[in-house]
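Trainee: Listed below, chain by chain, are the residues.
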Amino acid sequence: MHEKVREKAIVIEGEKAKPSLPKIVTLYFSRADNPSKQIEIKTSIFEIFENVLRKAAKQLNLSGEISVTGGGFPIDWRNKSVGDIIKEYSTVSFELASVDMLG
Amino acid sequence: MKESVVFPRNIFKYIWERSRESAEVGFFLIGISWRNKYIVYDALEFQYAYRSSTFVSHEPHMKNLIIQCLIPMQKLLGNAHSHPFSEIPSPSGIDLATWRGYEEGIFLIFGKNDIICVKVAHGEIEPIDIEIRSLLPEETPRHIAIGRWKIVFPAGMNHSELMLYIPPELSKLVVREIELAKIAINPTKRVLRISWPNYVEVTHNYASYRIYFKGKSDLHEKLKTLFGCEHFKTAYRSSLNDN
Chain A
1 MHEKVREKAI
11 VIEGEKAKPS
21 LPKIVTLYFS
31 RADNPSKQIE
41 IKTSIFEIFE
51 NVLRKAAKQL
61 NLSGEISVTG
71 GGFPIDWRNK
81 SVGDIIKEYS
91 TVSFELASVD
101 MLG
Chain B
1001 MKESVVFPRN
1011 IFKYIWERSR
1021 ESAEVGFFLI
1031 GISWRNKYIV
1041 YDALEFQYAY
1051 RSSTFVSHEP
1061 HMKNLIIQCL
1071 IPMQKLLGNA
1081 HSHPFSEIPS
1091 PSGIDLATWR
1101 GYEEGIFLIF
1111 GKNDIICVKV
1121 AHGEIEPIDI
1131 EIRSLLPEET
1141 PRHIAIGRWK
1151 IVFPAGMNHS
1161 ELMLYIPPEL
1171 SKLVVREIEL
1181 AKIAINPTKR
1191 VLRISWPNYV
1201 EVTHNYASYR
1211 IYFKGKSDLH
1221 EKLKTLFGCE
1231 HFKTAYRSSL
1241 NDN
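Protein chains in written order, with our numbering: chain A, 1 to 103; chain B, 1001 to 1243.
None of these hints come from the bench; they were simulated from the model.
Because the structure is a prediction, the values reported are computed rather than measured.
There's no promise every hint is true.
[Stated by the list, open to error] Here are the simulated DSBU-like pairs of lysine-lysine, each with C-alpha atoms no more than 35 Å apart in a straight line: (1) A:K42 - B:K1037; (2) B:K1189 - A:K58; (3) B:K1214 - A:K37; (4) A:K58 - B:K1013; (5) B:K1189 - B:K1075; (6) A:K80 - B:K1216; (7) A:K23 - B:K1214; (8) A:K87 - B:K1013.
[Stated by the list, open to error] Over the 12 Å line for every Cβ pair with chain B, so calculated as not near, a few chain A residues: (9) S20; (10) I24; (11) R31; (12) K37; (13) I41; (14) K42; (15) I45; (16) T69; (17) K80; (18) I86; (19) K87; (20) S90; (21) D100.
In this text, a Cβ means the ideal position worked out from N, Cα and C, and glycines have one as well.
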């Protein structure tokens, strides 16, 4: 009985340790080729990430196809909310770069 | 003094030979801008997302990955691509739009018999001289290590230039690695424990890259994205060897 109680206590402690996201978050976007050029966007965690990305790209003067990395890894943002991205990649800072198309 | 692009003969020859193909080829140019020169240390061929005789684009994450892996003060200088069917090349509308996307950069087009080289700064495009030769001793890269960090600079940089560039360039690298690090907080002892990211250092032509990775497959994927399947001579040092 004693062992069972102890086991349960550990699980609860583990659950408490999980951070919960606030409803409104601030995301930081910068141009990969010029990290000093950074912008902040305050948004809801339920917002579609693609919409925030469009806004960030416009403010950073990036056009065409955009590549996004966060925490050093490529971000797969399609059909995901801001909250999904933060939970999956554990970051609120993203670097954007345009894709070079030449013809 | 007039600005120029210094292209090591072996790198230029490689791009020239590759641009003889009937399909377009594209390269990212890596190097250092120092005094009035843009010194090219490496040319990385695109991992192609699309390639034809009239159009070329790279795998979307390649550019971001290159920028992340470059050891300061090296940077992405611009790009080069071929126009296989033009005797004397001239930029297309797509080329101009892409070039203007860079705040500053150098861009080359290799035609059948000629090349053009331009500099773009804040939307303005102007021709720039190109020097195809071996690197002079003062232009060759040299490294300085400060703790776990490293900086690359041209051997001819004088003391005052180094004093001017090292602090901001070093801070860029430290910030980058803190962002990639895992940070654990111990509230009772009031300390932060930083687990720095794993990396391997790779030398390709004259350029040095610091490639961060989580696991074997991630490293393999990144090496493939940067260098393709070509056989390259690597002088590499892994952070894992430190432990």
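Trainee: Starting from the hint list further up, note which numbers the structure goes against and sort them upward.
Mentor: Numbers 1, 2, 4, 5, 8, 11, 12, 16, 20 and 21, in rising order.
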